[in-house]
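**Q** Chains V and E supply the protein sequences, listed in that same order.
First residue of the first sequence? That's 1 in my numbering, and the numbers climb one at a time after it.
First residue of the second sequence? That's 1 in my numbering, and the numbers climb one at a time after it.
Hints were generated in silico from the structure; no laboratory data involved.
Heads up, a few of these hints could be off.
Ranges between beta-carbon positions, derived for each pair [unchecked claim]:
id: 1; chain 1: V; residue 1: 176; chain 2: E; residue 2: 105; range: 27 to 37 Å
id: 2; chain 1: V; residue 1: 94; chain 2: E; residue 2: 82; range: 37 to 47 Å
id: 3; chain 1: V; residue 1: 18; chain 2: E; residue 2: 56; range: 55 to 65 Å
id: 4; chain 1: E; residue 1: 155; chain 2: V; residue 2: 126; range: 19 to 29 Å
id: 5; chain 1: E; residue 1: 43; chain 2: V; residue 2: 7; range: 54 to 64 Å
id: 6; chain 1: V; residue 1: 140; chain 2: E; residue 2: 112; range: 45 to 55 Å
id: 7; chain 1: V; residue 1: 90; chain 2: E; residue 2: 45; range: 46 to 56 Å
Computed footprint of chain E on chain V, listed as stretches where at least three residues anywhere in the stretch have a Cβ under 8 Å from a Cβ of chain E [said to hold, decoys possible]:
id: 8; stretch: 49–55
id: 9; stretch: 78–88
id: 10; stretch: 148–154
Ideal Cβ placement from N, Cα and C applies to all residues, glycine included.
Chain by chain, the residues:
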Amino acid sequence: MNKLNINLLPIEMEQSKKSAKRKALVIRLSVIFLIVMIGLTSLVMVVAITQNFALRLEESKLKQSKDQITAMQEKEGLLFILRNRLDGINNINSRPSPAASAYNLLTSLVPPGVSMLSFSVGKNANVSISGETSSVVALNNFFTNLSDPAKHEGKIGNTKIENLGRGGATDRIRFDLGVNITGK
Amino acid sequence: MNDLKEKFSEILKHPLLVKYQVLILPVASLLVCIMLVIFIIVPQIGAIGKAQESIAQMQAKNKTLVQKISALSQVDERVNRENIDTLLSALPGESDVPGAIGQVLFLLDQSKLVLESISFSSGPTGGTAINNFQIKLDVSGNVTGIKAFIQNLKKAPRLMTIDKLDIAGGRDGGDMQGTVYLLVYYQVLPSSIGNVEAPVSVINDKDLTTIAQIKSFKAATPQSVDTVDLSVPRGKSDPFQ
Numbered sequence: 001m002n003k004l005n006i007n008l009l010p011i012e013m014e015q016s017k018k019s020a021k022r023k024a025l026v027i028r029l030s031v032i033f034l035i036v037m038i039g040l041t042s043l044v045m046v047v048a049i050t051q052n053f054a055l056r057l058e059e060s061k062l063k064q065s066k067d068q069i070t071a072m073q074e075k076e077g078l079l080f081i082l083r084n085r086l087d088g089i090n091n092i093n094s095r096p097s098p099a100a101s102a103y104n105l106l107t108s109l110v111p112p113g114v115s116m117l118s119f120s121v122g123k124n125a126n127v128s129i130s131g132e133t134s135s136v137v138a139l140n141n142f143f144t145n146l147s148d149p150a151k152h153e154g155k156i157g158n159t160k161i162e163n164l165g166r167g168g169a170t171d172r173i174r175f176d177l178g179v180n181i182t183g184k
Numbered sequence: 001m002n003d004l005k006e007k008f009s010e011i012l013k014h015p016l017l018v019k020y021q022v023l024i025l026p027v028a029s030l031l032v033c034i035m036l037v038i039f040i041i042v043p044q045i046g047a048i049g050k051a052q053e054s055i056a057q058m059q060a061k062n063k064t065l066v067q068k069i070s071a072l073s074q075v076d077e078r079v080n081r082e083n084i085d086t087l088l089s090a091l092p093g094e095s096d097v098p099g100a101i102g103q104v105l106f107l108l109d110q111s112k113l114v115l116e117s118i119s120f121s122s123g124p125t126g127g128t129a130i131n132n133f134q135i136k137l138d139v140s141g142n143v144t145g146i147k148a149f150i151q152n153l154k155k156a157p158r159l160m161t162i163d164k165l166d167i168a169g170g171r172d173g174g175d176m177q178g179t180v181y182l183l184v185y186y187q188v189l190p191s192s193i194g195n196v197e198a199p200v201s202v203i204n205d206k207d208l209t210t211i212a213q214i215k216s217f218k219a220a221t222p223q224s225v226d227t228v229d230l231s232v233p234r235g236k237s238d239p240f241q
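Pulled out of the complex, with its shape left as it was, chain V reads as follows (with noise of 0.2 Å):
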């Protein structure tokens, strides 16, 4: 035989019974979540803080390097300016030097034979040559020495006869030319 359960109590304390364990939870709730949020606040702020520490501590590291490099200024200045003068004949050193190279290079065209009477060479490697010669042969060196880049190593440019002539008291050939001297 069944079990016949007769509830006498009334239906209203049935519900604020049920309202009063809604309220609990939503009251246990909003605090656990408080908590948690305070929870959180506290550890952001202990890693900032803990950050903070940090960041100062490597900025005395900081200044405590810098304050060693400052007293040893007198060595660093030392090897600046060993750098600066260094950088400087560098420098020097690597600018071509078109007179020396020029004066150089022409004379060693010159075939025995030929006699140079004057040479000029200015900044913009443009040389001027006079020079006389009692031999044709020897002057046709000279001239396939200032043509043949296999002689000059492709270092003029052009050359050019401003003057050619025999004559005067030793019947020499006097030439005046105008060479252009290459950068390489």
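With chain V held as given, fit chain E onto it using these hints.
**A** Using the frame of chain V, we list chain E on its own:
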């Protein structure tokens, strides 16, 4: 105090409060959480991120500075001062015309050229760029002398280059007259070495070779050519005697 208690009790019995009392705590805690997030958590997280970046940057900077300190502590001051003296003989901080003329005279003598006349122009002063002044030489001698002069110029301790060259004569390797225009270089010394964080200047093996070369050129040049002997006639030490 009792009045306050009574007032508080009356407030608690307010019908609105009684009706919505279940919502008060959740709403209040939600508001508090929102305030915590907006005013504390978010700004602090931003600050933590920036602080971490700053710490990383400072650590990197400090590492560079520590390397610089290590490099500087190994610097031999005496050796470096000697090297600077050597380099200043090649590229001095001022024009030092007498010193340059002295070296040129030595070179002419070495090359067996006779000096007919000498003149010089003054160069610019100031600035830290490389400056130069010109020395004009009228010389006579053998053609081989000019070649020797050009070669010997490369071995002079002072940096000089030939700007222009005019030669006449020298037929069949004989005597000639020539005008040589030399450029003599100098560079004003820097007035400051830059800031603490600038990287340390490095001297490599190639630089040491350059220094050794200039030192050898300097050793081959007599010390007395550093200043020109003007051969000024000497008078009485006391002109009133």
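**Q** Now tell me if each hint is right for this structure.
**A** Here is what the structure says about each hint:
Between residue 176 of chain V and residue 105 of chain E the beta carbons are some 34 Å apart, a value that agrees with the proposed interval 27 to 37 Å. Between residue 94 of chain V and residue 82 of chain E the C-beta distance comes to about 25 Å, which lies outside the given range of 37 to 47 Å. In this structure, residue 18 of chain V and residue 56 of chain E meet the distance hint of 55 to 65 Å, their C-beta atoms being roughly 57 Å apart. Against the hinted window of 19 to 29 Å, the Cβ-Cβ separation of residue 155 of chain E and residue 126 of chain V comes to about 28 Å, which satisfies the hint.
Between residue 43 of chain E and residue 7 of chain V, the C-beta spacing of about 57 Å keeps the proposed range 54 to 64 Å intact. The given range of 45 to 55 Å is broken by residue 140 of chain V and residue 112 of chain E, whose C-beta atoms sit roughly 33 Å from each other. Taking 46 to 56 Å as the suggested C-beta distance range, the pair residue 90 of chain V and residue 45 of chain E conforms, at roughly 53 Å. Under the rule that three or more residues need a Cβ within less than 8 Å of chain E, the assignment of the stretch 49–55 of chain V holds, with 4 such residues.
Restraint check on the stretch 78–88 of chain V versus chain E: 10 residues with Cβ-Cβ distances below 8 Å, three needed, restraint holds. Coverage of the stretch 148–154 of chain V by chain E is violated in this model, with 0 residues showing a Cβ closer than 8 Å to a Cβ of that chain against a need of three.
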